[in-house]
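A.B. asks: For the protein sequence lines, the chains are A and B, in the order given. All residue numbers for the first sequence refer to our numbering, where the first residue is 1 and numbers rise by one. All residue numbers for the second sequence refer to our numbering, where the first residue is 1 and numbers rise by one.
One or more of the hints may lead you astray.
Identical copies go unnamed one by one, so any copy, or any two together, can satisfy a pair.
[To be verified] Cross-link-like lysine to any residue pairs, in silico, SDA-like; alpha carbons within 25 angstroms at most: (1) K110 <-> K124; (2) K186 <-> L265; (3) K297 <-> S246; (4) K174 <-> G238; (5) K247 <-> S167; (6) K174 <-> L15; (7) K247 <-> M129; (8) K247 <-> F179; (9) K186 <-> A38; (10) K215 <-> T13; (11) K126 <-> L206.
Just so you know, these hints were derived from the structure itself, not from any lab.
There are 2 protein chains.
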Amino acid sequence: MPCKNCSLKPVYTALNNESLCSSHFLKYFERKVCKTIAQHKLIDRKDKIAVALSGGKDSSTLLYVLNKFHQKYRLNELHAILINEGIEGYRNITEKDAKKFCRELGIPLKIVDFRKEFKTSIDKLKKKMNPCSACGVLRRYSLNKAARDIGATKLATGHNLDDEAQSILMNSIKGNLEFSAKLGPKTGVLMHEKFVPRVKPLYFMLEKEVLIYSKLRKLPVTFIECPNAGGSFRNEVGRMLNELESKYPGTKQSIVNSFLGMLPLLREKFQKERIRTCRECGEPSVREVCRACQILKI
Amino acid sequence: MPCKNCSLKPVYTALNNESLCSSHFLKYFERKVCKTIAQHKLIDRKDKIAVALSGGKDSSTLLYVLNKFHQKYRLNELHAILINEGIEGYRNITEKDAKKFCRELGIPLKIVDFRKEFKTSIDKLKKKMNPCSACGVLRRYSLNKAARDIGATKLATGHNLDDEAQSILMNSIKGNLEFSAKLGPKTGVLMHEKFVPRVKPLYFMLEKEVLIYSKLRKLPVTFIECPNAGGSFRNEVGRMLNELESKYPGTKQSIVNSFLGMLPLLREKFQKERIRTCRECGEPSVREVCRACQILKI
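Just chain A, same shape as in the assembly:
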């Protein structure tokens, strides 16, 4: 079937079975991101946005789209933050691409290097602990601190619909519903004066849509995988979800929608813990000493 709008050759068939050519796909994508931002009140004009940029397709697409909106709607400042965790043969390559991409877009890029910030690296820490848990904690910690340092009022991440559906299913399979209470398109609002709220503008975009967008826009995306990325359980659940989605189109969307219906209840049940201030570093923490400080002491 040709594009429903202009009869040109289609590049994508949406869930409603409508085919879209390249330029109408790009419009569809951007409109849907715009709608997500509006409906879930992710960003307003006064916000100063920091985008967590890894150099992968999701965060690069997010930065590109927000930069378009930024120009169109004359939004407040837009920044990018890249975390260099010190993973040899991986982050040094993506860092170079990210720098070039930000230069091209004219977006200021702040780089946080674990080796300077923490006097360590994931390559070093992985000898003592699971590198992915350490990386997750220290990345979140550094992103928040860096976003606050540049005066950002929102931190935008590139999570897409696949990521969210996977997390929801993983948590419900593993019985970790309290982790699901931390999901959703917008988190951490009014949590702690030092915590920058997080938003996920690509929340309703399928991973394959993000991929197509990044290819059509010829974004300088790095497709190398982190050498530590095992995440076999996430991969397993992701594979299952792809299988279900191909047999029952709309599965991922439906999982996320039904989750959003439950999210207020989940938050009511699980998010009762007071967010305190870490005794050692002064950053937000649920414990007396935050997990980042705990990891760095090991």
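Assemble the complex: chain A is given as a structure, and chain B must be docked to it using the hints.
C.D. replies: The following block gives chain B in isolation, referenced to the frame of chain A:
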């Protein structure tokens, strides 16, 4: 590994990796059902239990186990109810086996035949509508009425852990969380004066455990499938769950546990509708005319 209790040849390895011989497996199974009944207050001594018997492994096992408890703990009366939906080449066979089984156990069996009760059958209805939805509605309707007619205070069904984990996952994938509010080991308490509360004593037993139990006890179980049984989506989800369970043992249990943590919130959110009395037949209904009456009018 030999049986952890007596070193005999094992027939089953439980989730905690302990091997069990035939007689210790039977004990393990019965104890776990007993624990489920006690922990979730499914049955008490004053209850008169009606078991929904289909002749399959689950309901036959349930009837057998409850009959054992019935004798051991001198429970109140135990009855069985079989619904003959009028499905040629299927139910007539299982009905014969069920009659024989109840005779052997000395348990009174009440048979409800759709052809007498409703002057129709699923074989007839399937020409006009999806046979499985009609069958589900009319079975639930008839089981409740029959249980009430014999004065039962609880209706016990043979649902196992696999059934429940599948339903939970199916509902969350399809975005039907309001259906999940109707799951759980015990439902319908104080819902309507004419509604007999339902309990699932095999709630925490894996399907394969029920299968092994029914084989070891040499129960006269019918393994023929209903000719209408398609349920491709349930089968799909069941297959996925089996795959996950074999890679991550305990997955089904963990899905159900995490669901049980959420169930009170789900019920609070979704079970606010008043249960009324059907204008036509006087049975409990969420609508003015119950779904059974609606189906029978088509």
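A.B. asks: Determine for every hint whether it applies to the structure shown.
C.D. replies: Against the structure, the hints:
no.	hint	verdict
1	K110 <-> K124	within (23 angstroms within a copy, 71 angstroms between copies)
2	K186 <-> L265	both (15 angstroms within a copy, 22 angstroms between copies)
3	K297 <-> S246	neither (46 angstroms within a copy, 37 angstroms between copies)
4	K174 <-> G238	both (15 angstroms within a copy, 17 angstroms between copies)
5	K247 <-> S167	both (20 angstroms within a copy, 18 angstroms between copies)
6	K174 <-> L15	between (29 angstroms within a copy, 15 angstroms between copies)
7	K247 <-> M129	between (39 angstroms within a copy, 23 angstroms between copies)
8	K247 <-> F179	between (28 angstroms within a copy, 22 angstroms between copies)
9	K186 <-> A38	within (12 angstroms within a copy, 42 angstroms between copies)
10	K215 <-> T13	within (16 angstroms within a copy, 50 angstroms between copies)
11	K126 <-> L206	neither (32 angstroms within a copy, 38 angstroms between copies)
The structure fails hints 3 and 11 (numbered hints given earlier, in ascending order).
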